[in-house]
Amino acid sequence: MEPYVTVEEIVSMLDVDIAYGLDFKDREIDTSEISRPGIVLREDIRQYPKDRIQVLGYTEMSYIDLQTSEERLDIFRRICRRSTPAVVVSRGIEVPKELIQAAKEKEVPVLTARSRTTRVVANLTNFLESRLAERLSKHGVFIEIYGVGIMLVGGSGVGKSETALELIHRGHRLIADDRVDLYQIDELTLIGEAPDILRNLLEIRGLGIIDIQTLYGVASVRKTKRLELIVELVKDDGKTQYDRLGSAQETEQIFEVQVPKIRIPVKTGRNLAIIIEAAAANFRASAMGYDATKEFTQRLEKLIERNSQGEVE
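Mapping to this note's numbering: the sequence shown position 312 is 312, numbers consecutive.
These aren't lab readings, by the way, just hints derived from the structure by calculation.
Quick caveat, the model's predicted, so the values are computed rather than measured.
By construction, the Cβ of each residue, glycine as well, lies at the ideal position given by its N, Cα and C atoms.
Below, simulated DSS-like cross-link-like pairs (lysine-lysine); rule was C-alpha separation at most 25 Å, straight line:
hint, residue 1, residue 2
1, Lys261, Lys138
2, Lys97, Lys50
3, Lys50, Lys25
4, Lys239, Lys261
5, Lys97, Lys25
6, Lys50, Lys104
7, Lys239, Lys267
8, Lys261, Lys294
Label-pair distances were calculated between CB atoms; the ranges are:
hint, residue 1, residue 2, range
9, Arg179, Glu9, 18 to 26 Å
10, Asp17, Tyr63, 22 to 30 Å
11, Arg299, Pro49, 54 to 62 Å
12, Arg299, Gln249, 17 to 25 Å
13, Ala122, Pro49, 14 to 22 Å
14, Asp30, Gly289, 39 to 47 Å
Construct the complete structure from the given sequences, taking the supplied hints into account.
Structure (C-alpha cells):
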C-alpha cells in the first residue's frame, strides 16, 4: 500500500485552514510535488498536473481578479478536477466565490494560508516529503549528542538503553529507543524518528518503561534528527582486533546514504557514555576538518625524520 497524507493531517500540522470542503478532509494526497498554475490560467491544457495540490498566490490571484466573473469561474473549473487533492490560497487572500463554486462541483477542498506563497510551497513540500518517503526500521537507540545524531546498535543485552540513559542524564537528548524509523530526504541526508507509540519512552531491564520527557523535561527529547553516525556496541571476546588509530573508515549503507560507523568493544569497567561522547566530539571535529589520526601520523613522520637526520650526522 502506497503511503498517503490526508487534507486533515495537513490542516492539523501546518498553518492552514479549511475555507471549503470539511466533508472532503479525508481526501488522500500521495505526491509531494506542488503545482502553481501558470498557463492553465489562460487556456485549457492536457498536460496539466491536476493530481497535485494547487497553490494560488498573489501573482495568480492578481491575474484572476482582472477577469470577469464568468472567466474566473472558467479558470477555477480548469484548476479544480476530480483528482485534485486540494487548492490552497496563500497570503491571507480572500477566497473568491467562483473558486468555491468550482470546488463544490468537483468536491475539492479549498484551504487558506496566511504565509507568503513561497513559504507555503516550501512547508507543504517538506511536510509531504517527510510523510511520503519510504521508511526503514532499525533496531537501536537514537540519541543526539553535542548536536550529532548517533544511533546505538548492537546485540540484545549489550547495554544500549542503559548507556542511552546515562547520556540523557548527562544532558543529551533521546529521539528513539528500540525501533528507529529512518527515511531519506535527499542524496546525503537520513532522518530518524520514533514510532508514535514509542515516542519519549525508554526501556530499562529491571526497571521497565520510563518516560524520559516526564522524568528529565522537554529538553531531554526531540522528535526527529538527522542520522550522522552509527555506533555499534560489541561484547569484547578478547580475540577481535579493533582499529586502534581510527584510520579505517567503515560505513553502513541505508537507502542511498553511506553512514559512518564505528565499533566500540564492551567490557566491565569501561564508561561507554564518556567514550560515545568522545566519539561525537571527534566526529564534529572531523567534520570541521580536524583529523587526529592524520595529526598523529604527521607527528610520527617528523619524529622519524629527525631521528634519521641525527643518525646521518
